[in-house]
Structures are given as C-alpha cells and as structure tokens.
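Asker: Taking the hints into account, I'd like the entire structure generated from these sequences.
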Amino acid sequence: MRAAVLRFPGSNCDQDCHLALDFLGADVHYVWHKEESLDGFDLIVVPGGFSYGDYLRCGAIARFSPVMRAVVRAANEGRLVLGICNGFQILCEARLLPGALVRNRSLHFLCQDVHLRVETAATPFTRACTPGQVLKIPIAHGEGCYFADDATLDEIEANDQVLVRYCAPDGSLTDGANPNGSRRSIAGVCNRERNVFGLMPHPERACEPVLGGTDGRFLLRSLLESLPNPGIHAA
Amino acid sequence: MSADPAITPEAIARHGITPGEYSRIREILGRDPNFTELGIFSVMWSEHCSYKNSKPELRKFPTTGPGVLVKAGEENAGVIDIGDGWAVAFKMESHNHPSAVEPFQGAATGVGGIIRDIFTMGARPVFNLNSLRFGPIHGDGASVKNNRRLFAGVVAGIAHYGNCIGIPTIGGEIYFDESYEGNPLVNVFCLGVLRHEQIARGAAEGVGNPVFYVGAETGRDGLAGAAFASRELTEESKEDRPAVQVGDPFKEKLLLEACLELLATDAVAGIQDMGAAGLTCSTCETASRGGTGVEIDLALVPRREQAMTPYETMLSESQERMLIIVKKGREDVVRRIFEKWDLPYAEVGVVKDDGMMRVNDHGVTVAEIPAAKLADDAPIYHREAAPFVPPAPLDPATVAEIDPGVALPALLRHPSLASKNWVYRQYDHMVRLGSVVRPGSDAAVFLVREAGKFLAATSDCNALYCKLDPREGARIAVAEAARNLACSGAEPIAVTDNLNFGNPHKPENFGQLREAVEGLAEACRFFDTPVTGGNVSLYNESPAGAIDPTPTVGMVGIIREESHITTQYFKGAGDAVYLLGDPGSGLDASHYLKALHGRKEGLPPRLDFATEKRLHDTLRGLIRAGLIRSAHDCSEGGLALALAECCISGEAPWGADIDLGNIAGRADDILFNETQSRAVISVAADRAAAVETALTSAGQSFLRMGTTGGSDFRIRLAGRAWTWPLAGLREAWYGAISRLMEETNTQ
Amino acid sequence: MRAIVTVMPKQSVLDPQGVAVRDAMHHLGLENTGLVRVGKIMEIDLGASGPEIEGKLHEACRDLLSNPVIEDYRLELEP
Chain S
1 MRAAVLRFPG SNCDQDCHLA LDFLGADVHY VWHKEESLDG FDLIVVPGGF
51 SYGDYLRCGA IARFSPVMRA VVRAANEGRL VLGICNGFQI LCEARLLPGA
101 LVRNRSLHFL CQDVHLRVET AATPFTRACT PGQVLKIPIA HGEGCYFADD
151 ATLDEIEAND QVLVRYCAPD GSLTDGANPN GSRRSIAGVC NRERNVFGLM
201 PHPERACEPV LGGTDGRFLL RSLLESLPNP GIHAA
Chain V
1 MSADPAITPE AIARHGITPG EYSRIREILG RDPNFTELGI FSVMWSEHCS
51 YKNSKPELRK FPTTGPGVLV KAGEENAGVI DIGDGWAVAF KMESHNHPSA
101 VEPFQGAATG VGGIIRDIFT MGARPVFNLN SLRFGPIHGD GASVKNNRRL
151 FAGVVAGIAH YGNCIGIPTI GGEIYFDESY EGNPLVNVFC LGVLRHEQIA
201 RGAAEGVGNP VFYVGAETGR DGLAGAAFAS RELTEESKED RPAVQVGDPF
251 KEKLLLEACL ELLATDAVAG IQDMGAAGLT CSTCETASRG GTGVEIDLAL
301 VPRREQAMTP YETMLSESQE RMLIIVKKGR EDVVRRIFEK WDLPYAEVGV
351 VKDDGMMRVN DHGVTVAEIP AAKLADDAPI YHREAAPFVP PAPLDPATVA
401 EIDPGVALPA LLRHPSLASK NWVYRQYDHM VRLGSVVRPG SDAAVFLVRE
451 AGKFLAATSD CNALYCKLDP REGARIAVAE AARNLACSGA EPIAVTDNLN
501 FGNPHKPENF GQLREAVEGL AEACRFFDTP VTGGNVSLYN ESPAGAIDPT
551 PTVGMVGIIR EESHITTQYF KGAGDAVYLL GDPGSGLDAS HYLKALHGRK
601 EGLPPRLDFA TEKRLHDTLR GLIRAGLIRS AHDCSEGGLA LALAECCISG
651 EAPWGADIDL GNIAGRADDI LFNETQSRAV ISVAADRAAA VETALTSAGQ
701 SFLRMGTTGG SDFRIRLAGR AWTWPLAGLR EAWYGAISRL MEETNTQ
Chain C
1 MRAIVTVMPK QSVLDPQGVA VRDAMHHLGL ENTGLVRVGK IMEIDLGASG
51 PEIEGKLHEA CRDLLSNPVI EDYRLELEP
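Protein chains in written order, with my numbering: chain S, 1 to 235; chain V, 1 to 747; chain C, 1 to 79.
Treat the hints with caution; some may be incorrect.
Non-contacting residues of chain S with respect to chain C, defined by C-beta distances greater than 12 Å in every case (computed) [to be verified]:
(1) Tyr30
(2) Val31
(3) Leu56
(4) Pro66
(5) His108
(6) Gly171
(7) Ser172
(8) Gly176
(9) Gly181
(10) Leu211
These stretches of chain S come out as covered by chain C in the derived footprint (C-beta under 8 Å, 3 or more residues) [claimed, not checked]:
(11) 99-106
(12) 142-150
For the record, the hints were derived by calculation from the structure and aren't laboratory data. Even for Gly, the Cβ is constructed at its ideal location relative to N, Cα and C.
Answerer: Here it is, written out as structure tokens:
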C-alpha cells in the first residue's frame, strides 16, 4: 500500500507524518504541491504546517494548488484522505469536509496534550479503536476552533461523522477540556462518504514511547489496516 | 539621482561616529566619505557589528577544544563535533531594543535572525530556546501594564515565527525584575545539525565567481537597526519605530529549504546571511574573510519599494535575505532551486581580487571601501572599568521570618519561579518529533534523529547574583547550566553566551562586563566547555538606569543513551528523597529575600568548582548506573522550592514527607537559602543502600530527607511541621502567570 | 478599477478578537462599548475593469477572500 504525504512550501509536519507512517510499515512518498497527479496512492495525508504562509486564512490558498485538485479527484474516487491540523483546515477550505476552523477562543496558539474521545469505530480511520475510548494526543494550533452552523452540526452528528471530541481524561465532555472553544467539542470530522477525515490533534506526534505516548498509533494503524497489504509492524 | 545630504559634523554625530572615528575613516579612504559610505561605516562600526567596546574582553573566553570544528568569531556560528561525523552549530543572539519598541515583530525577527545564522552554516535548525527578562507583571500600575504588553507581545512574536517555520521552541527561562522595565531582554537561541563535510563558509572565494542575492525583496524597513541597537533607549525611541523590521516566517522557511538544498549541491563557494546591516555587512564580511573584493550593482537588487537611494538599500535590514557566492558555471543550479521554491534571486555582482567593497548603482560607483578595513578594523576601545566593590553581607537580624507555610506558596506564585506553561504552550514545542523532555524540567532533551543523538540544552543566568557580584554570578550561571545538564543525564559540550549590559561608557557598567566575562571564562575553562560564539548587547538602559547585568549562558550537552534521560519530577510513591550537597545557610541575594522582602542585597552564594564538579560527576554516575528516578537542580528559592517542584511539576503530582531533623538555624534560612552545588534526587527504596554507598565512596555529602507519596507535601524541621496539600500548591504554581495575564487584562 | 473587499465574521461565529478588543475598550474607560467585531479590509488594484471582471471578483470573494462558512463579505468598486 502506498501513502502520499503532501508537501506545501510551508508544510512543517510533513517529515513527522512520513516518519510515523513509515514506522508503522507504510510505503510513504512525498508529493510536491505543484504535482498534478496522485495516481497510485491509496492514502493521501495532508500534513500540518502553514501551507502557503496562511496569511489570508489557514488553508485558503493551498486549496487552489495543483495537487489539491488531485486530492479532490482522489477523494471523489473513494480513496482515503487524512488531514491533520493545517491539513484539516485545507480540507475544510476545499469543501471536502463540512465546517471551518477559526481562531482559538483564548486567541493563543496552544501546544499541549489533549484527551480525545473516539465517537465511532465505523470508519477506516478509527476501526482500531473502540467507541468511547479515550486517546491522549497533542494539539498545536492557533486556529483550531471548529465551527459549523447548527443545521450542519445536527446533520453531521446524525450521520455519525464526528469521529473524535475533546474530553476530560475520564471521557466526559466538559468546557474545561475543550482547548479552543470548538462547537460541541468537535476535534475531527469525516465526510458523508467516510473516506475523508480531518482532525486538529497530531496523531503522528504520539506514536513512540520516547515522545511520551503511543495513542496516535490507534488512528494511524486503523488507516493502514483499512488498506491493501498493510504490512504493519507489531506495535 | 537624489542629492545626498552633506557630510556635516551634525550628520556625522547623528550616525554615532566620533570625530576620532571620522579621522580614521578619512585615513582608510584617503578622502572624505560620501553619505552612503558614512552610513556604511556607521553600521559596521556600531557595537552590534564590531564589538568595539567588548572585543578585548571577549578574547578572554576559551574558544578551542578537541570538539571545536569552527571557532567563535570565524563564521556566523561555531560548530562542535558530536560524534559519528555529525556536528551541531548553535548560537544565542539578542533582539532587546527592537522588542522594546515593537515586541511582537522585534522578537519574531530575532528568532528569524538566529535561525538564519544557523542554516548559513549548512546546518538544519532543529530546535530553539530563549531567555527573556521583563519588568514586573503583577500589580496594576501603568508600567506594569506595559510590562505585560511587552511580555505578551514577545511571547506571541517568538511563537509566531518559530511555529510557522516549524522549529520547536523547547525551553528557556524567564525572569521579571524592575531593572528590565522598559528595556526587556529577548535572547534567542537556535541549534542546528550537520555533517562535518557540510560546513558552509561565509567567504567570498574565487575571483570571478558571481555574487547572488536571494530571498525577500529589499524595502526600507529596519534602516540601520544595528546602529539603533547600539544606543540607549530614550523616551524618543518610540519615534524610531521604522527601525523595527517585519518578519515573514513563511519566506524564511522557503529560504531555509532552498539554501539547504543548494548547499547540498556543491555549487556554493560562500554564503552569508543579511542580518544586522544587511547588504553592507554581508558584502564586506565575505570579501574580508575571502581576502578578496566584492563588487555589486544596486540596480540589480530586488526591491519592493520605489526610489530607494543607495544609502537606504545598503543599510536596509529587510529580513529573510542571503548573499551567496556561486561557483562560476553553476549559476543554473541556483536558478533551478530558487524557482522551485518561488523565491526572488538575482545575480548582483562578482568577486574581485582588489580587496575593495565596491557598490555601483546603474554602473556608477556610489561607495568604494577597502573591505577588510571596514569589516575588521573598527576602532577598539578600552573602556574604563570601575573596580568591583563587594556588597555588604546581609544582616539576618534585619530580615523578619515569614512563616514557611505562607512563604512557599507565595514563592511558587511569583512569576519568576512559577510554571511557565502559559508561555511554552504558545510555542510549538513538539514539531519534528524529537522533544523527549518537554519544557518544564531542568533541561530540554531533544532526539536528533538524523544523528541518532540525544541532546540536552538549557539557558541560565541569575542576574541578581550578577548585579551584586558579577564575577561570581557569571561563574554560577555556567555552573548552574552544567548542573541542569548533569541532572538530565548529559555531559556538557559547549557554551554560547549573550552578554546583556548597560552603557559601556559608564565605568560601573563596563566594570560589570569585565568581571562577568572573566567569571564566565573561568567557569567555561573549568567545565571544559568552549564558547562557540554569542552576542553582546550593550546600552540596555531605560530612563530608570541600567539593567542588572545579565550574561546569559546557553549550554548544550549529550546524553549517551536513552535510558540515561532523567527528569526533575518524582515518579511514584515510596521512593527515598535525598539532598546532594549541604543544607547550607545565608539568605543573601536569595529569591526569598527579593520576592517576599523586596530586597536585592547581600553577598551571593559562593561557588566552589571542585564541589560543583563532584556533584555533576556523581549525578551522572548514579544516572548511568540506573540508580535514580529523578534529579533536580536546587537553585532559586532554595531547598523548599526545589522539593515542591519535584512534587508538582510532573504530569502526575506526587507528595513527599520530608524530615530535616534538627538542623540548627532559622527555618526560613534553612528552607530558602540558595547555597550552590546541590540537587534533590529520588531513589527507588531498594536502591537506596546502593546509592548511599556510591555517594559515600564519591565523597559526595548528602542527606536522606524523606519519602515520596501521599497527597501532601510535608516538611518537618526541628519540632516544627508544615503541610501543603498538593492540589493547592500546584494550582498556585501552575496557574500564576496565566491568572496575571488573562484575568488582569480583561477585568 | 480598484476593489475594496470587507470581510467580517458572521454574526453567529464567536469572534474572540472582537471580545478582547471590547474588554480592552472597557479598560480604557469606554465602559459603554458594546459589540465589537474584527474583520479585514483588502484593497485590490485590478488593473482593468468591466462586467466580466466584476463577476470573477465575486467568485474570488466567495472562494478565496472569504470563507462563506464563517465570513460575510462586502464588495465596493472604485473606478
């Protein structure tokens, strides 16, 4: 199975994603933002960073890059697309995912561990998890407050599109455990077809004991198990 | 062509050039300089670029050693071997004055500048640290509000630049003191990693080689910032706002990637960043290092503003620019790479053999100066140094004891000692997957994956000690940095420093500088940590007077094995807790005295090198033998504060029951004195005997103080006892800065 | 032709910057300050004019300059 990690000029989690996927046994390749084709890739990862500087809105300009046209095509073909942090913002801007990410409630950039409650295992992105499972994974963003209007929120909840929410260590949803003011504590959503997933937390930063946690593997391993010839290392 | 202003005595003085320096310029040129040349001399001969007031002192530093691959002062940053063909380049630099005027951009461009210094060496930057000083932030006065504004702005600026470019900011230190009111210190540190054979040089080599300008277009921003940094801040400094540059971290990210890609091709003969004094500094320094000349034409320089004069173009400090000397015939490589990264580039000149820095504008020569004389022959001043007068020791009878039950939480709440999570949560400190020990322990530990090495890094300086005794304070700064590394399991390899002092024309300030430099030099020799370079920032004064002398030390060490990585916090219940070193006495220069009694007095604690070294060796020995679970340096706030931090600074707090027996003396003295060469360790119960045997055979004094566990931190001493529930202590310490910054600003 | 594009957060979107500005205004003695919204203004020199450009401009406002999920825009044209 082949995974692509996109590289925009301002991507800065590209190497981290590559490393984590490689560590889990995927055949990972970088794809430059000026490329127009993603043929042959089963999984496309849009990594974190500041794509094109993000001076207008996070992800606003990346959306128009040549490679993003290929991402839209791949998503429409049913291939798996994962957006992490800035990647989530880009996928929302590209309308591949519902909603938008706005400035954190505190107005500060926040880098810290958060707890996430897995809401459903019925996606290729969370199948290695159990519903209600709590994962500890870091966030690092200034604009990660998830926003969508009530109708959209009701709809994505009805469709089981919310995959992870910010929670307290015991899994309860409290305002204090919501780091950025996201509506309904939403940390990550998928599309209606369930093949495109975006989340603000960084699973690739929680894949090794030496870095203080391995809960990110649950998400990345789900992905690799969902794909042909996973070849996963024993974790 | 716009007519340049005349060279009048006023114009010369306005450029900060003395009559003596002007005669020297005339001697070098054999004529009067024109206006552009005057500007060029003024920036190159500013303290920031020439170190004209501090050079004789800086020569006292040890700069050589078996691991030193590039020495301090040779290039933009020193390079140190870390084994297996890998090396690190690291350096600290100040951006104090720009940050005082515009904290966000001042701090952001400081980060940008130090990162460029590192990748100019051919190294990939892997992490940042910073050392910050501000005026007090608690209270409600106008100056306090301004201090909070500066603090918030600087932190946001550092976060903005570092986070965007994707280099983790993994540690540092922050103190608050009246002496920094209106003149904050912003010292930023960057470390990069490279192969030995990748070291890039900043020399214009090869006559006939083309000179390329790459990176952002030149504007009028930051005109003569180096000269600005070499003056005292006054009430009028606010009017100097145009002198502050605006940074673009996205552009720097492109520049970084493009330069590293280019340096990997062997097409580059020399490379130099355009930092302070921009185009001026990079052209004359590369020519001087190469023993060559450089001729450029300003008409070819990419510019973003119209009608810029040669003076403005040469002195601009626009950010994110580099000068690259390309091997003739390899120009296409540059074009291909910079086009890939969508960055401006232009061939602006050529390397000559005549030793001149020649600047043309549309073919007309507008400046012509012998490059080596401009770069290296700035006047050197031997300033008058006031002799050191030792302060009177503190008379303890004048210090009323504050009940430790109250004093400890009060100290933990003090912004200088409280948790800095409000700050480091704003920094992306995890990107690049190397942050093994995150901010909040004695030293940050980073896994450099390329090299397979664990590096530990810390920055330290107790400016209160330095104010009262600059030499001892500087020695302690180095010792404390080395102690922090030892507690983390690391062996120090080298040091960078940032000397922040007041106006050197005042003998008292220059005396402090000399004493501090000599103290740093002694300690660096003793610990065998050569100085790889750094920065001098003088003229740190505000209307209220000079800052406390602040010779910040950044130290880097190597941890041999992953299992040796040690953190400061307790790891579980039932572990034995030891003090290594002596309980000591003396509240002189302590934070207890300063923070709770408002007194900056007394004779700072003395440092004995041999005792200190024994502690470090003992700590590393215990760590490598796998005998201890935590180790924490005992510094500001004394033993009680160190113990409290061991209890509450980890992810899961652990209580402790401490019994200090019947040590004679006042409780506040025993708990809060800052005697040097001490650490607190915790040991699994079944290892305690082995640890005690090892300590005894090493000749290391120690005291078994108690056991970890429970939900309280308890101290018993000479029949008295204090109990602090962990939750309250942790909240006092963890939330202190956040409460001051978030609640007081919005009330 | 020159376009002035004003982009504002939608009324339903929390605007923490606006809240912070309002609090600061209160702090400065302007206690009666009510709602504050922080948006952005873009001045765009189009170099040409005509109905076709105007149409494209609205498209750009919707797709690039604002995000309709969270923002509204107002477009003014100057000759």
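Asker: Far enough from chain C: is every CB of that chain over 12 Å from the CB of Gly181 of chain S?
Answerer: violated (6 Å)
Asker: For the segment 99-106 of chain S, do three or more residues have a beta carbon lying closer than 8 Å to a beta carbon of chain C?
Answerer: holds (count 7)
Asker: Checking a non-interface call: every C-beta of chain C should be farther than 12 Å from the C-beta of Gly176 of chain S. Is that right?
Answerer: holds (17 Å)
Asker: Take the segment 142-150 of chain S, compare each residue's beta carbon with every beta carbon of chain C, and decide whether three or more fall closer than 8 Å.
Answerer: Per the Cβ count (4), the hint holds.
Asker: Far enough from chain C: is every CB of that chain over 12 Å from the CB of Pro66 of chain S?
Answerer: holds (16 Å)
Asker: If I take the minimum Cβ distance from His108 of chain S to any residue of chain C, is it greater than 12 Å?
Answerer: violated (10 Å)
Asker: Confirm or reject: Leu56 of chain S is not an interface residue toward chain C, with every Cβ-Cβ distance exceeding 12 Å.
Answerer: violated (7 Å)
Asker: Please settle this one: Gly171 of chain S was flagged as non-interface, so is its CB more than 12 Å from every CB on chain C?
Answerer: holds (25 Å)
Asker: Compute the least Cβ-Cβ separation between Val31 of chain S and chain C, then decide whether it is above 12 Å.
Answerer: holds (23 Å)
Asker: Taking C-beta pairs only, is Ser172 of chain S more than 12 Å away from all of chain C?
Answerer: holds (23 Å)
Asker: Please confirm whether Leu211 of chain S is truly not at the interface, meaning its C-beta sits more than 12 Å away from all C-beta atoms of chain C.
Answerer: holds (31 Å)
Asker: Minimum Cβ separation between Tyr30 of chain S and chain C greater than 12 Å?
Answerer: The claim holds: Tyr30 of chain S sits with its nearest Cβ about 26 Å from chain C, beyond 12 Å.
Of the hints listed earlier, those the structure fails to meet are numbers 3, 5 and 9, in rising order.
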